[in-house]
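Based on the sequences and whatever the hints tell you, model everything.
Residue numbers (the working numbering): 618 to 795.
Wrong hints could be hidden among the right ones.
To be verified - Each computed BS3-like pair below joins lysine-lysine, with the alpha-carbon atoms no more than 30 Å apart:
no., residue 1, residue 2
1, 707, 753
2, 795, 704
3, 753, 676
4, 706, 782
5, 706, 747
6, 753, 706
7, 753, 795
8, 761, 706
9, 704, 782
10, 706, 723
11, 723, 707
12, 795, 706
13, 704, 723
14, 704, 647
15, 753, 725
16, 676, 795
17, 647, 723
18, 795, 707
19, 761, 795
20, 725, 647
21, 747, 704
22, 753, 723
23, 753, 704
FYI, nobody ran anything at the bench for these hints, they're computed from the structure.
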Amino acid sequence: MFLKKVYQQWRAFFWAIIIALAAQFFFMAKGIENVPFFIYSMYSYAHQPQDSFNVILVKTQGGYLNPYQLSGRESEMLMNNISYFSKMKKLAYQDYITPTVERRFKNKLPINTYNFVERGLVNNHLQFSKYTGWWKRYLATVYKNPFDSVMVVSAYIQYQPEFSKSPVDSVIFTCYFK
618 MFLKKVYQQW RAFFWAIIIA LAAQFFFMAK GIENVPFFIY SMYSYAHQPQ DSFNVILVKT
678 QGGYLNPYQL SGRESEMLMN NISYFSKMKK LAYQDYITPT VERRFKNKLP INTYNFVERG
738 LVNNHLQFSK YTGWWKRYLA TVYKNPFDSV MVVSAYIQYQ PEFSKSPVDS VIFTCYFK
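Structure representation (structure tokens):
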């Protein structure tokens with residue numbers, strides 16, 4: 618009923634709606650997640666209850682740092698990329714998008730162009746080796762107080778049967794300042 622009324626009164630908007638609907642179906646069929654065309658099945662099921670969740674903490678000699686006392690931008694720059702680094706470390710620094718890049722571009726582009734595209738899209742070991750140095754410099758810049766060393770650790774917060782932190786921390790990396 619609504620589309621019929623839109624078609625009669627404003628045909629350009631009607632076709633814009635039809636194109637948006639077609640794009641939504643296309644993205645869902647291809648399995649592409651792109652704003653605003655989210656895959657319905659990714660967000661439409663009940664999540665299983667969990668008894669714990671993983672957190673990333675920065676541990677100093679005086680205890681754990683609270684990165685949320687920094688500005689939003691600074692805490693995001695400091696903390697939000699650590700999980701990606703940790704995942705790549707577990708994968709021996711082999712970027713998980715490499716097979717996708719190869720499948721989409723290899724033997725379809727000239728070799729020089731493919732190498733350029735691959736360097737632009739895929740992170741390599743050298744880029745990951747620079748990460749901890751960058752992270753250490755950024756931490757020193759935003760906190761402006763010297764630390765002897767800090768450890769970035771992964772820990773579990775358990776909320777079943779009561780809210781508590783796991784006693785064991787898993788070290789992701791350590792930075793020494795002195």
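Taking each numbered hint in turn, which are not upheld by the structure, reported in ascending numerical order? Hints 15, 22 not satisfied by this model.
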